[in-house]
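S.K.: Model the full assembly from the supplied sequences, consistent with the hints where possible.
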Amino acid sequence: MAKKVTQANKLLIEQLKLQIGHISDAIETQGHSVFGTSNLMSTDEITDFSLEFLELMVVLLDSNNPLDHHLPAFNALRGFFGNMSKQILARGGRMEDFVRYIQFLQRCLIESLQEDKQLNIDDMRSILLLLSAVFNELTLSVFQTYLEEKENTITAQQEELRETSTPITEIWDGVLTLPIIGTLDSSRTMIVMEALLNRIAADRASAVVMDVTGVRSIDSQVSHHLIQMVRAVQLMGADAILTGIRPEIARALTSLNIDLGNVTTRASLSDGLKEAFRRLGVQVSNTKA
Amino acid sequence: MAISGIHLTPIGSGDFLLEPTRSLDIGNQGDLIEGVIHRMQRTKTQRLYYDLAELPVIDPVYYGWLNALARACQAVNVQMVCIHMQPTAAFALSHFITETPHFRTALDVARRGEN
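For the protein sequence lines, the chains are A and B, in the order given. Residue 1 is where the first sequence starts when you use my numbering, and the numbers rise one by one after that. Residue 290 is where the second sequence starts when you use my numbering, and the numbers rise one by one after that.
Just so you know, the hints here were simulated from the structure itself, not pulled from any lab data. A couple of the hints might just be wrong.
Calculated Cβ distances over 10 Å to all of chain B for the following chain A residues [what the hints assert, rightly or not]: (1) GLN19; (2) ASN75; (3) ALA90; (4) GLN103; (5) MET193; (6) GLN234; (7) ALA267.
Where chain B lies over chain A, by a calculated footprint (3+ residues, C-beta under 8 Å) [said to hold, decoys possible]: (8) 42-49; (9) 236-247.
Backbone N, C-alpha and C define an ideal beta-carbon position, used for all residues, glycine too.
M.R.: Here it is in structure tokens:
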């Protein structure tokens, strides 16, 4: 089998060298129609890509076993396609187009074999098997890159969401506000609490107004997290004021038998701020009145 | 008379600042509490500030010590206020306490109207 592969490699390299101009032209033309029209790649980049691809392909075929995925030549080719797919994705390209382009490259190499009339069926089969194995691996590595990029994007978006989900604002000297929107699960509570407690320590905040107007529903776990947050704020030595408890939340708290006896609550964020100011001895008055 | 593992400093207006050191052995709670209360009663202390600045985490055992000292202070009409609690300590503590602690908390000594 290894002998057949070596023989197939030689024949393929021979054809590649003989028809390098023709293959390169075909790859470039296809590259222009796929990437050039949508400005995903410049003309120079497409030319460089075609040349580099053919070079790397020849190096791979020249190796003892091109199907060995651990070969430096194979890794180089895989890395080359990986980088290119990253580039195309970053520029807004579609992965399907790139995969179709890879299939086209494979077809180009197979078509080049038509010119060699001396190839027998065995040689042809070996070459086809070799090409399909190599290109399948390349397609897989491109999809791997695609998935990694998507995962990176999702992680970055989650990080961004986490940051925007804890908009702690110092609304007055020593008064922090934290509007809580959405659901409070364990992981989010930990993030919010960590950010809030560090902020209290950094700003020497005396009062924290936590507004839950944006919390649509509450269960025993969420209410437990809320109380935990209030307790942690109080342990830091700051006053915690809970505002914006909607009627349905109040009803749920009652049915869940949650005791808010140790928690200062106010109807709205503005009431909460007034309470914080009162505790700080700050008086806000209307000078026009 | 010095109390092992504790620095007690009068800071004026009947207030004392308690700074625990690394050598504090809370396994010996009874003697520690007796020493602290004795010192406060001698100086007519009204408020005891317990500095937690050097404690990154408070576990249930240490919390038990703080509560025991706070209860002893209440018995002699001294208010115990824990100050400089680290965010990590507050975070850890909020996860396991279920009742209101016997001590009060404040950001620092200068702050008035603590919890």
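S.K.: Determine for every hint whether it applies to the structure shown.
M.R.: Results for each hint:
The Cβ of A/GLN19 sits about 68 Å from the closest Cβ of chain B, beyond the 10 Å cut-off, so the non-interface label holds. With a least CB separation of 44 Å from chain B, A/ASN75 remains clear of the 10 Å interface cut-off, as annotated. Once the 10 Å rule is applied to beta carbons, A/ALA90 is consistent with being away from chain B; the minimum gap is 38 Å. A cut-off of 10 Å between C-beta atoms confirms that A/GLN103 is not in contact with chain B; the least separation is 54 Å.
With a cut of 10 Å on Cβ distances, A/MET193 falls inside the contact zone with chain B, its closest approach being about 6 Å. Residue placement check: A/GLN234 does not keep its beta carbon more than 10 Å from all beta carbons of chain B (closest about 5 Å). Remark: the non-interface label on A/ALA267 is consistent with the geometry, its nearest Cβ contact in chain B lying 22 Å away (cut-off 10 Å). Coverage of the segment 42-49 of chain A by chain B is violated. Counting CB-CB distances below 8 Å, 0 residues qualify, and the rule asks for three or more.
Coverage of the segment 236-247 of chain A by chain B holds [criterion: at least 3 residues with CB-CB distance below 8 Å; count 4].
When held up to the earlier numbered hints, the structure conflicts with 5, 6 and 8 and fits the remainder.
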